[in-house]
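4 protein chains.
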Amino acid sequence: MSISVKQLREDLVGLHDQLIRWGLVVWTAGNVSARVPGEDLFVIKPSGVSYDDLTPESMVVCDLDGNLVEGDLSPSSDTAAHAYVYRAMPEVGGVVHTHSTYATAWSARGEAIPCVLTAMADEFGGEIPVGPFALIGNDDIGQGIVATLSGHRSPAVLMRNHGVFTIGKSARAAVKAAVMCEDVARTVHIARSLGPLIPIEQSDVDKLYDRYQNVYGQR
Amino acid sequence: MSISVKQLREDLVGLHDQLIRWGLVVWTAGNVSARVPGEDLFVIKPSGVSYDDLTPESMVVCDLDGNLVEGDLSPSSDTAAHAYVYRAMPEVGGVVHTHSTYATAWSARGEAIPCVLTAMADEFGGEIPVGPFALIGNDDIGQGIVATLSGHRSPAVLMRNHGVFTIGKSARAAVKAAVMCEDVARTVHIARSLGPLIPIEQSDVDKLYDRYQNVYGQR
Amino acid sequence: MSISVKQLREDLVGLHDQLIRWGLVVWTAGNVSARVPGEDLFVIKPSGVSYDDLTPESMVVCDLDGNLVEGDLSPSSDTAAHAYVYRAMPEVGGVVHTHSTYATAWSARGEAIPCVLTAMADEFGGEIPVGPFALIGNDDIGQGIVATLSGHRSPAVLMRNHGVFTIGKSARAAVKAAVMCEDVARTVHIARSLGPLIPIEQSDVDKLYDRYQNVYGQR
Amino acid sequence: MSISVKQLREDLVGLHDQLIRWGLVVWTAGNVSARVPGEDLFVIKPSGVSYDDLTPESMVVCDLDGNLVEGDLSPSSDTAAHAYVYRAMPEVGGVVHTHSTYATAWSARGEAIPCVLTAMADEFGGEIPVGPFALIGNDDIGQGIVATLSGHRSPAVLMRNHGVFTIGKSARAAVKAAVMCEDVARTVHIARSLGPLIPIEQSDVDKLYDRYQNVYGQR
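Residue numbers (the UniProt record's numbering), protein chains in the order written: chain P, 1 to 219; chain A, 1 to 219; chain E, 1 to 219; chain C, 1 to 219.
Quick caveat, the hints were computed from the structure, so don't treat them as lab data.
Treat the hints loosely; a few may be bogus.
[As the list claims (entries may be wrong)] Okay, derived cross-link-like pairs now, EDC-like style, lysine to aspartate or glutamate, Cα gap no bigger than 20 Å in a straight line:
no., chain 1, residue 1, chain 2, residue 2
1, E, K6, E, D53
2, E, K207, A, D140
3, C, K207, E, D140
So here's chain P without its partners, still in its complex pose (with noise of 0.2 Å):
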């Protein structure tokens, strides 16, 4: 095993931990992956294991078609999403997948979250787009990630009447957007619930876009 699968395994279970944390899954749904540098390879959660069991030696190594290469467990049975991603994506570092409830209760109606709040601006660009709905079983779901956020700037897709996937250069920007994604989800939910929501103006989102990209944050 080299040093940077090793590694990579250790992160997955922090990088787990934080999804429990900001409450974004229950029991053993949500999955994090992360792309071996320099690889046709990533690391991602064996399937169906609960988060307290997880461990760096538990996650499973697969190539980029989904086949597990290294793990005594089956790996996550989205997989083939995420694997369809890394191929399509050449620049994704890392995939998360959660059923958060704010952000799957937009999914389940259809609808994009619109860019009513700054924080909003600053991640994602503009709103959140809604993917197609896609059966498991084949490449249907990595194909509606990648067609929507090809181009998109937003990190995080809504798959129709499922929940989210996000992307990002490595494993923690994907979890940090899948985070930010439930949080906005949720305060724009509740904010539109009591009336009617003020927009931004796209200058403006732009404008908070570009410098939250390339200011924020340490050097």
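Mind docking chains A, E and C on chain P? Use the hints.
Just chains A, E and C, lined up with the frame of chain P:
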């Protein structure tokens, strides 16, 4: 005490912890029971005891008429309902009862939860049905559970103006059903509160249910 | 200090922890008191102290006029209301006050919580009533509590535009009533937000209340 | 480093923990600052650092123009707004910024929170006002905060489509205002979602505010 009962007593402590962890219960409400394999017995939570005070020793063993067979405390006030289910449904190995918030809210309107999420198709195979209003004190609740769930895909029933009962091959499976029931009750409630929901076609529900029951998790 | 007061001081630390655990209070809002058996005294939380800093020693003892009798800190600003209840209702051994979210929301509309859940019939024996609007600083709040709860089955009153007061034979019973009050306030709110509620017939409410008060729990 | 700055760095770790504890922030959003008594300086959270990684040493010191004076990390991206408040309002000793869910939801509709709870009259002395929409990057946010809160009883302002800023004599007082702001934002939102609210008469609001500011807590 047989090994089997000893193990079930320990398992039940951990499973009641799961009810707390996923926010399904407050104070002393809610209970889990497990059938003793190969015997006409089940193990269940004692009545009115705080979750913090639950120990393997505090769990009680009842026969399938709900009579106390082993243990120092009175069995849960819901014991008769659990017992009726074990008598009528020999395939059931575990029963859970909660007043989890969103599921109970659907029950107070007497409304089934429509299947608009793929996760709901996976676990419940369609809508989560409503059972009759029934008073505690005889077999009415048990009969209502069994009449509603017999021949139904859903392992969960919303007993009208009351709360949720779930069944499973094991107590752990019944707890999982209770956790997923509240999760989808919450998501579908929130989704519908801002507009109409998009249904999932029955043929797609069938495909999802079939796949999840036969493929998901570790073999 | 009598043994009894020493024990009550310790109990009150644990009972305030329950207010936090079940999400009934933020910051320093909310307080629990306990009557000293056989004496015209009660023990109560000090004013404006964080829950993390509460110790048995920080609790204060007051007489039934609300005057500080023992302790280094000022008693809760709600002490006069607690004192009034102890003077007027000799059967009361504990009083709790919170601004728990859903119960307080009902109070801001001046609306009683209708009895549409069997758990509510069990604990409250019917609706949870609204008390009058009253300012702090004299006996108005105490009088409003006593006028509303005297001869009423409910151990909880929603003081208009303010929050919840609960009573019980012991401080623990009053805390339980506060926990259950918020739980049913939340569930009934959520239920009603998507459509009309199904009422429970009064004769069934009566049966449930009678059974729960006389049969539930350990003998 | 003066003793005073050392103490403030430690205090800020604990106060950021309070933002997490009371559910006001996710990921790295939200920040607390404290003026250094007697100096034209304040201590503030570094930008984009996780709450788990915050230590006294990671906090940074800025002058009142928002320039970094001491510390290894970049200051919060909201530093300019904090600095403007300290320059314009000499009585302010602490500033807090969050995107707490319910308060931010009110801001996305551009709607002030009406004073319908006694706890709100106590802490805010009336409604919680809305400030203007303002982009990050210059003094617009700071000016909007100061213009809204100057001469207003409320220590909290809902910046439109953005989130909450609170002020206080100390950083702890500003954190308390942020906690109470979210608490009343949530309760009033929930109350209004099922019907009209009962207002509190202005003369009663005045009495409550006066009493709470002068009597509550330990002397």
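Exercise. List in ascending order the numbers of the hints, as given earlier, that are violated by the structure.
Key: none
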